[in-house]
Amino acid sequence: QVQLQQSGAELAKPGTSVKLSCKASGYTFTSYYIYWVKQRPGQGLEWIGYIYPGNGGTYYSEKFKGKATFTADTSSSTAYMLLGSLTPEDSAYYFCARSLTTVVVFDYWGQGVMVTVSS
Amino acid sequence: DIQMTQSPASLSASLGETVTIECRASEDIYNGLAWYQQKPGKSPQLLIYNANSLHTGVPSRFSGSGSGTQYSLKINSLQSEDVASYFCQQYYNYPPLTFGSGTKLEIK
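Each protein sequence line maps, in turn, to chains A and B.
With positions in the first sequence counted from 1, the corresponding number in my numbering is that position plus 10.
With positions in the second sequence counted from 1, the corresponding number in my numbering is that position plus 3.
With the rest of the complex left out, here is chain A (with noise of 0.2 Å):
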């Protein structure tokens, strides 16, 4: 069956980085692209970008772009997100999803990691 797992809870200082994982199973990897949303605690969804681990393409939402990076290793199926130079205002949960393949909705979603930055 098909799963994300998603790397646990991240504590971190203003003006670091962090980098979250996720590690898809039970399908063809680089088949599918691997997309990344942001939820603030009690707020709505927003979405980062993706990547596309068949060829590692990647695109950025405006708003993200210079803050998160997408890399993927094909050898352990496992997409990565590294968000720079974090603020208060990056606290937040970051899921990683799957797509359908004839829409971009998500039938598959990591379980989400919090990350919380301060001083």
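Since the hints were derived computationally from the structure, they do not count as laboratory data.
Worth double-checking, as some hints may not be accurate.
Simulated pairs of lysine to any residue, SDA-like, Cα-Cα distance not exceeding 20 Å [stated by the list, open to error]:
(1) B:Lys45 x A:Gln53
(2) B:Lys45 x A:Glu20
(3) A:Lys77 x A:Gly25
(4) B:Lys42 x A:Glu56
(5) B:Lys107 x B:Asp85
(6) B:Lys45 x A:Arg50
(7) A:Lys75 x B:Pro99
(8) B:Lys45 x A:Gln15
(9) A:Lys77 x B:Pro99
(10) B:Lys42 x A:Lys75
(11) B:Lys45 x A:Tyr118
(12) B:Lys45 x A:Gln121
(13) B:Lys107 x A:Glu56
(14) A:Lys33 x B:Gln48
Remember, it's a predicted structure, so these values are computed and weren't measured experimentally.
Take the given structure of chain A and dock chain B to it, following the hints.
Same frame as chain A, now just chain B:
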């Protein structure tokens, strides 16, 4: 970017009741709309896509409708396990994907 306006922000209803949540797009999205359910402490789960297509395994008491800029999610015979937040998402004009602000559903 297409803006999604979702209403109401919160909703309280009795068990067995029918509830409706609405999403309005800032321009025509040609049925490129999905609905998600997010229970407390969990990741969102896909309910509906293409405005009215029920995702695999989703109970039939959930239904979606609409066209143009106006869409709605209806939950018939409200159950206790339906307590959650609900979000709409447009994907017609992508990128970027945009979401509604969410509706928190509680049992009265």
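Which hints, by number, does the structure contradict? Violated: hint 10 alone.
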